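Chemist: The lines below spell out each chain.
Number of protein chains: 4
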Amino acid sequence: MKKTNVKILSKPKLKAPTLIEGLPGMGYVGKLAAEHLLEEFHAKKFAELCSPYFPHHVVVEANGTLRMLKNEFYWARADGKEVIILVGDVQPISSEGHYEVVKSILDVVEKFNVKQLFTLGGYATGKYSRAKPRVVGAGDPELLKKFRKRGVEVEEGGGPIIGAAGLILGLGKLRGMRGVCLLGETHGIMVDHRAAQAVLEVLVGVLGIKVDMSALERRGRETERTLDRIRKEMNLRTNKERRRDEEEAWYIG
Amino acid sequence: MKKTNVKILSKPKLKAPTLIEGLPGMGYVGKLAAEHLLEEFHAKKFAELCSPYFPHHVVVEANGTLRMLKNEFYWARADGKEVIILVGDVQPISSEGHYEVVKSILDVVEKFNVKQLFTLGGYATGKYSRAKPRVVGAGDPELLKKFRKRGVEVEEGGGPIIGAAGLILGLGKLRGMRGVCLLGETHGIMVDHRAAQAVLEVLVGVLGIKVDMSALERRGRETERTLDRIRKEMNLRTNKERRRDEEEAWYIG
Amino acid sequence: MKKTNVKILSKPKLKAPTLIEGLPGMGYVGKLAAEHLLEEFHAKKFAELCSPYFPHHVVVEANGTLRMLKNEFYWARADGKEVIILVGDVQPISSEGHYEVVKSILDVVEKFNVKQLFTLGGYATGKYSRAKPRVVGAGDPELLKKFRKRGVEVEEGGGPIIGAAGLILGLGKLRGMRGVCLLGETHGIMVDHRAAQAVLEVLVGVLGIKVDMSALERRGRETERTLDRIRKEMNLRTNKERRRDEEEAWYIG
Amino acid sequence: MKKTNVKILSKPKLKAPTLIEGLPGMGYVGKLAAEHLLEEFHAKKFAELCSPYFPHHVVVEANGTLRMLKNEFYWARADGKEVIILVGDVQPISSEGHYEVVKSILDVVEKFNVKQLFTLGGYATGKYSRAKPRVVGAGDPELLKKFRKRGVEVEEGGGPIIGAAGLILGLGKLRGMRGVCLLGETHGIMVDHRAAQAVLEVLVGVLGIKVDMSALERRGRETERTLDRIRKEMNLRTNKERRRDEEEAWYIG
Chain A
249 MKKTNVKILS KPKLKAPTLI EGLPGMGYVG KLAAEHLLEE FHAKKFAELC
299 SPYFPHHVVV EANGTLRMLK NEFYWARADG KEVIILVGDV QPISSEGHYE
349 VVKSILDVVE KFNVKQLFTL GGYATGKYSR AKPRVVGAGD PELLKKFRKR
399 GVEVEEGGGP IIGAAGLILG LGKLRGMRGV CLLGETHGIM VDHRAAQAVL
449 EVLVGVLGIK VDMSALERRG RETERTLDRI RKEMNLRTNK ERRRDEEEAW
499 YIG
Chain B
249 MKKTNVKILS KPKLKAPTLI EGLPGMGYVG KLAAEHLLEE FHAKKFAELC
299 SPYFPHHVVV EANGTLRMLK NEFYWARADG KEVIILVGDV QPISSEGHYE
349 VVKSILDVVE KFNVKQLFTL GGYATGKYSR AKPRVVGAGD PELLKKFRKR
399 GVEVEEGGGP IIGAAGLILG LGKLRGMRGV CLLGETHGIM VDHRAAQAVL
449 EVLVGVLGIK VDMSALERRG RETERTLDRI RKEMNLRTNK ERRRDEEEAW
499 YIG
Chain C
249 MKKTNVKILS KPKLKAPTLI EGLPGMGYVG KLAAEHLLEE FHAKKFAELC
299 SPYFPHHVVV EANGTLRMLK NEFYWARADG KEVIILVGDV QPISSEGHYE
349 VVKSILDVVE KFNVKQLFTL GGYATGKYSR AKPRVVGAGD PELLKKFRKR
399 GVEVEEGGGP IIGAAGLILG LGKLRGMRGV CLLGETHGIM VDHRAAQAVL
449 EVLVGVLGIK VDMSALERRG RETERTLDRI RKEMNLRTNK ERRRDEEEAW
499 YIG
Chain D
249 MKKTNVKILS KPKLKAPTLI EGLPGMGYVG KLAAEHLLEE FHAKKFAELC
299 SPYFPHHVVV EANGTLRMLK NEFYWARADG KEVIILVGDV QPISSEGHYE
349 VVKSILDVVE KFNVKQLFTL GGYATGKYSR AKPRVVGAGD PELLKKFRKR
399 GVEVEEGGGP IIGAAGLILG LGKLRGMRGV CLLGETHGIM VDHRAAQAVL
449 EVLVGVLGIK VDMSALERRG RETERTLDRI RKEMNLRTNK ERRRDEEEAW
499 YIG
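Residue numbers (the working numbering), protein chains in the order written: chain A, 249 to 501; chain B, 249 to 501; chain C, 249 to 501; chain D, 249 to 501.
Among the hints, erroneous ones may be present.
Copies of one chain are not kept apart here, so a pair can be met inside one copy or by any two copies together.
Stated by the list, open to error - As a list, the in silico SDA-like pairs of lysine to any residue whose alpha-carbon atoms are at most 25 Å apart: (1) K397 / A310; (2) K263 / E288; (3) K293 / L262; (4) K393 / T313; (5) K318 / E330; (6) K251 / I410; (7) K363 / G453; (8) K259 / R325; (9) K375 / K480; (10) K393 / K458; (11) K380 / T474; (12) K393 / V307; (13) K393 / R315; (14) K458 / L262; (15) K393 / E403; (16) K261 / E358; (17) K250 / E296; (18) K250 / L419; (19) K397 / N311; (20) K318 / L354; (21) K375 / E470; (22) K293 / A463.
Hints were generated in silico from the structure; no laboratory data involved. Being a predicted model, the structure only gives us computed values, none of them experimental.
Please put together the full structure from these sequences, using the hints given.
Modeler: Here is the structure:
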């Protein structure tokens, strides 16, 4: 019945790996964080997922070759811990597509005996701040305790969590998997390496894995420069609008 | 073929219960009414329904845990009457989804020998009134007679009834179930406890069950305060617009 | 696989009936024409069709009862000719739904040995005219000849025919059924009995059936009064706009 | 499970034909190019594809007959080369529909042992130019080399390729078929024979087939006249806007 297609490329022997999900979403926070782990862990791809619920286009790569849109499963061992990392180009378009793709994702990780799920993403504030981005968490109460100790906040009666980051945990729970979603505070209009680093720091802290953050930090400084530029442009625009308002007020009055 | 999933948690022994539906809709009238019954009857949950036709997000609860969006079936006995109460977070997005979910709902209640259906909701008037909200009804002519005696009005050639409140009755009728839809008059831009109480009063009257309304009454007073505030704001805005119109008229003329 | 449901209520013995389709569409032209035939022929309902591709609401009838949205099949004999008349509340929403419902319709009429299909509708001109509405036709070349003799025009390279009126003929042709679509010229913003009568006159002429048109004529005069009122309102508005344009021209200039 | 329907009209004996796809898209570039080949090669139709994922209307042809929307497969031999040419009225509406229809297309060509795929289209620049349209390519690196020699450019990190032109290659690759997508530069607001010719010239060059381009050239001159007219209109409008801006600046200032 399922239209989504998973291709298993190899069968890594894993005892009880943790799933870390970082598909594209707000500020690309989850995607940046998960891709940083891929690099640092020298993770190996073992499965690919394609779906007719993805948009109907193909990706042209740097050398002019093209390929289907996909989600990819990688595995790695680091500091004695096993992880499966899920990254990808896109999330489905329709609600129905989201449910089917997440079920297919859980079918894969269930085969590799995954019991613990961490999903990563951003939440938009629409504000610019130089302060370290906050990270909020939601999910299994026992796991959440560990994150609270590292500064993760829990929003009482928070809003919904949209897409894979939420559904993987919601549908995973029905299969007996426990997990937490970590969302880094981000402006919302740009790719945000700083938020990705903030999310990643608490995640690897709880996992007990050491990760070199220097690549993210370097790119995080780009984020700050972008933030500064936007802030200035916004100020300019606000000033202009104020001036125009004054003129109009004078004119109409 | 169905994508909607129902999980039966327990099998209450019921002879011929009545279904009372109160899913989210206009003014949350049906939801408020049904949830009030849940409380007053100390009803017990016996089934849950999830569907890929629901929106693709999860709910974060007060303590930071998260869960799938769902519809829930409760049962209770009160004054010798048996009821199944259907409540939930959402209704499906697409038309196709609505039909499938309602079929799944009817599959559940058919197993428990339900022959009588009452669906609750609101209808928007866009007006503020301190008068007791009217309740209009549609459905089985024999059942409607009982409601008419309690002041429920029947609109000759009324408009369509959208979503679960209508489809449960329409598709239920094809399975030999008789029912009535009760819609409480509501403004349409806010959660309306007063309309919920009005609907509930006629329902429990016909069912011959006594229900304490004090909790709804208390919250109904909140509704009135909100109505008063909106009414004032609207007046202010109307006055402003009138003034602006006069200025412009003077200006252009 | 099909989600659309057909309920056969009785099995009339028909040798080779002609299908006449009049589902809701532009100006309700087809629906009005087909419903007029129902009345005049004292046709009998023999099948009903419901579909999850229809909108997710139910119809409240004059006496407060409610029912599912549906399409209905009637049959009749008149002047020695057999006809099946298809009428209904709605057409599906999605493209996919249209294809499925039309296939279900053809499955029904194929069982009754239908070989000839006439689909009725309107085409919008956005203009008001007191002249007799034109009727354009498309479809089987042999059948079209008969309609041309009665004044039906064929548009060379005409636009697409949308919905059931087109798909019944297109998909019917693949099953060896021959047919013609007749579209009456209509303004597009109101229910148009005059266009319905124009379409019906050529249809019954070709079928060789006599039909009393007085009921349609009477209601056609309502259409004319509506047209006159709209024409006046439009003139008023146009004059107002012209005046405003002149003022603004003077003002900016 | 598939809803898309393919009708094989005849089974041409082909050893290893090349698929050339030209379905409607930006500037109708692919469609014009493929239809030109149909004409010049006197290609024969051998299969038709209909789908409920196509829009729900039928086509009225010049003589008033009507038919379903479809995609069509033709075959031809030219200069000792075998080709299958895919043309059609439309592409599907939804993403899911695109995936299903492309799978059905590949099912057909796989049966005829196709190993090589060329998909044709346009990419919009929003600019008018009298220069020869550029052609960009993406796909199999070995095949791309041959096109580069004939002036085809490869965009480093180019955007996505939308619809059949992309998905045929992406899904074909998963079945071991190699291919290239050729996109001719076009303005985007009109049918563009010049871009079609540019794309076709590199294609037939690589295929080693001679094709008379005079029909395309003739119609290409129409494209140029249209371009000239648009360019003039745009200039006029720009001048008007500039004048109005000046007036307003003077007025507000």
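Chemist: Evaluate each hint against the coordinates.
Modeler: Status of each hint after checking the structure:
When the C-alpha separation of K397 and A310 is checked against a cutoff of 25 Å, the pair qualifies only between copies, where the shortest distance is 19 Å, while the shortest distance within a copy is 43 Å. In this assembly of identical chains, K263 and E288 lie within 25 Å of each other by CA distance solely inside one copy; the values are 21 Å within and 49 Å between copies. In this assembly of identical chains, K293 and L262 lie within 25 Å of each other by CA distance solely inside one copy; the values are 14 Å within and 39 Å between copies. With identical chains, the CA atoms of K393 and T313 are at most 25 Å apart between copies only, with a shortest distance of 11 Å across copies and 46 Å within one.
For the identical chains of this complex, K318 and E330 are intra-copy neighbours only, at 23 Å inside a copy versus 33 Å across copies, given an alpha-carbon limit of 25 Å. In this assembly of identical chains, K251 and I410 lie within 25 Å of each other by CA distance both inside one copy and across copies; the values are 22 Å within and 20 Å between. Taking identical chains as interchangeable, the C-alpha atoms of K363 and G453 lie at most 25 Å apart only when both belong to the same chain, with a minimum of 19 Å there against 51 Å between chains. For the identical chains of this complex, K259 and R325 are intra-copy neighbours only, at 14 Å inside a copy versus 46 Å across copies, given an alpha-carbon limit of 25 Å.
When the C-alpha separation of K375 and K480 is checked against a cutoff of 25 Å, the pair qualifies only within one copy, where the shortest distance is 13 Å, while the shortest distance between copies is 32 Å. Proximity of K393 and K458 under a CA criterion of 25 Å is satisfied intra-copy only: 20 Å inside one chain copy versus 45 Å between copies. Taking the shortest Cα distances, K380 and T474 sit within 25 Å of each other inside one copy (16 Å), while across copies they are farther apart (39 Å). Within a single copy, K393 and V307 get their C-alpha atoms only as close as 41 Å, which misses the 25 Å cut-off; across copies the closest is 19 Å, which meets it.
In this homomeric assembly, K393 and R315 come within 25 Å of each other (Cα to Cα) only across copies, at 18 Å, whereas the closest approach inside a single copy is 42 Å. With identical chains, the CA atoms of K458 and L262 are at most 25 Å apart within one copy only, with a shortest distance of 20 Å there and 58 Å across copies. For the identical chains of this complex, K393 and E403 are intra-copy neighbours only, at 13 Å inside a copy versus 49 Å across copies, given an alpha-carbon limit of 25 Å. Within a single copy, K261 and E358 get their C-alpha atoms as close as 13 Å, which meets the 25 Å cut-off; across copies the closest is 36 Å, which misses it.
In this homomeric assembly, K250 and E296 come within 25 Å of each other (Cα to Cα) both inside a single copy, at 15 Å, and across copies, at 23 Å. Proximity of K250 and L419 under a CA criterion of 25 Å is satisfied in both settings, with 16 Å inside one chain copy and 17 Å between copies. Within a single copy, K397 and N311 get their C-alpha atoms only as close as 46 Å, which misses the 25 Å cut-off; across copies the closest is 16 Å, which meets it. In the homo-oligomer, the alpha carbons of K318 and L354 lie at most 25 Å apart both inside one protomer (16 Å) and across protomers (19 Å), since each shortest distance falls under that limit.
For a Cα distance limit of 25 Å, the shortest separation of K375 from E470 inside one copy, 17 Å, qualifies, whereas the shortest one across copies, 33 Å, does not. Taking the closest pair of Cα atoms, K293 and A463 come within 25 Å of each other only inside a single copy of the chain (21 Å); across copies the shortest separation is 51 Å, beyond that limit.
Every hint, counting from the list given before, is met by this structure.
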